[in-house]
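Number of protein chains: 2
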Amino acid sequence: MKYAFIVEYDGTPFCGWQRQSGVLSVQEVLENALKIALRHEVVLFGSGRTDTGVHAWGQVAHFESLYAVDAFKLRDSLNALVRPHPIAVHQVFAVPDTFHARFSARERFYTYLIQNTRFPPALERNRVWHIAVPLDAEKMNQAAQLLIGKHDFSTFRATECQAKSPVKTLNHIAVRRDGDKITVSVSARSFLHHQVRNMVGSLALVGRGKWTVQAFKEAFDACDRTKGGPTAPARGLYFERVVY
Amino acid sequence: MKYAFIVEYDGTPFCGWQRQSGVLSVQEVLENALKIALRHEVVLFGSGRTDTGVHAWGQVAHFESLYAVDAFKLRDSLNALVRPHPIAVHQVFAVPDTFHARFSARERFYTYLIQNTRFPPALERNRVWHIAVPLDAEKMNQAAQLLIGKHDFSTFRATECQAKSPVKTLNHIAVRRDGDKITVSVSARSFLHHQVRNMVGSLALVGRGKWTVQAFKEAFDACDRTKGGPTAPARGLYFERVVY
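Read top to bottom, the protein sequences are chains A and B. Under our numbering, the first residue of the first sequence is numbered 33, with each subsequent residue one higher. Under our numbering, the first residue of the second sequence is numbered 33, with each subsequent residue one higher.
Treat each hint with caution, since some may be false.
Identical copies carry no separate label here, and so any pair may be met within one copy or between two of them.
[Claimed, not checked] Pairs of lysine to aspartate or glutamate, DMTMM-like flavour, derived with a Cα cap of 25 Å: (1) K200 <-> D83; (2) K182 <-> E139; (3) K259 <-> E139; (4) K105 <-> D168; (5) K67 <-> D256; (6) K196 <-> D108; (7) K213 <-> E63; (8) K105 <-> E156; (9) K259 <-> D210; (10) K200 <-> D212.
Think of the hints as simulated: they come from the structure by calculation, not from any bench.
The following block holds chain A by itself, in its conformation from the complex (with noise of 0.2 Å):
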């Protein structure tokens, strides 16, 4: 029997989603939760690794059960069982055998969150990258919309990513200020390590003025990561949503 989950998590105190010796993963509390639940050891398999300290509102992870669960009532075993993590299973499912977390995902979603203030965040502290110089999100805009499309990633590509090539689907890429918080929202059947930090990082290097948006293009099109800007901080980035 194949079940998935939704999943939120305050990355914060976990060394990202996937289970490492020595450190306390996502992964790792909800596999031991799951073990206590069904009595018997089950390997997760998440839609995709966050790194430490980046946030989800919407990871799913499927894993087999050797029996048939109610799942409304796993969930709720579940949610006690990750106590006092900060971790909540949203929803579990019955899926079909054929259903893969990571390799049936046809789109993903991500959100990255700056606090454009003077004053650093207290409320928000480990929920957003604080900036305090103003920043310009029409023109950051204006830079992401060169990355739509199908490109060579490469100049956001972190040096240890494991993908066979660079070359990536960008579907959609808006940069909105509302008030003083900016959002930059992307989406994307799949993304190299650390692209979406590494696009924000220069994203905000335009919003600075630092770059035109013209030197961005420059960049991107260099197809070389140390033309890139800086990597963004994990604590704004969130696992919004995946499609199937």
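Take the given structure of chain A and dock chain B to it, following the hints.
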């Protein structure tokens, strides 16, 4: 020289706004920062106390400085000095000698957030009151309208409240649902101790269907705290702003 500032804080790690011996208050952290910045003892007057765990987006406080300061620089210094506490000074203003953060206030605005989902909050932990059973926000709003105007609010007054009279004038209250989130916004010149949390606790009984709007009215009219519902938790309450 008199100055005032607007300050945001995450109430979670504090015993509340007011200085108390042996525990950490927002007032103490800010007074200590001001003492370093101004190089003399400073007493802060807040526009209102907040309880342990209650947050603020726009608390206002005033103090006297022995000399004129650059408001812009002082704001930056304070934000550096309060670290690592989750406090952010948004703005510092010079104010007339007649200004008093507490006594000059004409209207105070609070917001109360409820997350109405079967699953618990993860990213919003310590930021919302989680109610797992479905709430009828329209019914809550209907009951809330009974509170507008000048009334005896004894039903929603903490037993330890030190106000001379239980009579207050509520200017505005609205209960709105936005997806899974329910927001209660209120304003008045001043509130009794725990008044907002007690009103929300009783409105939640209406939302759950445990009380009819008529039962809510009867409890309110009884002017008796023992007839009121429970006190809603501090973590959902935000001191939004003050109008002078």
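Right, here's what the structure says about each hint:
| no. | hint | result |
| --- | --- | --- |
| 1 | K200 <-> D83 | within (20 Å within a copy, 51 Å between copies) |
| 2 | K182 <-> E139 | within (14 Å within a copy, 54 Å between copies) |
| 3 | K259 <-> E139 | neither (28 Å within a copy, 53 Å between copies) |
| 4 | K105 <-> D168 | between (48 Å within a copy, 24 Å between copies) |
| 5 | K67 <-> D256 | neither (44 Å within a copy, 50 Å between copies) |
| 6 | K196 <-> D108 | neither (39 Å within a copy, 47 Å between copies) |
| 7 | K213 <-> E63 | neither (35 Å within a copy, 29 Å between copies) |
| 8 | K105 <-> E156 | between (33 Å within a copy, 23 Å between copies) |
| 9 | K259 <-> D210 | neither (30 Å within a copy, 43 Å between copies) |
| 10 | K200 <-> D212 | neither (31 Å within a copy, 34 Å between copies) |
Checked against the numbered hints listed earlier, the structure breaks hints 3, 5, 6, 7, 9, 10; every other hint is satisfied.
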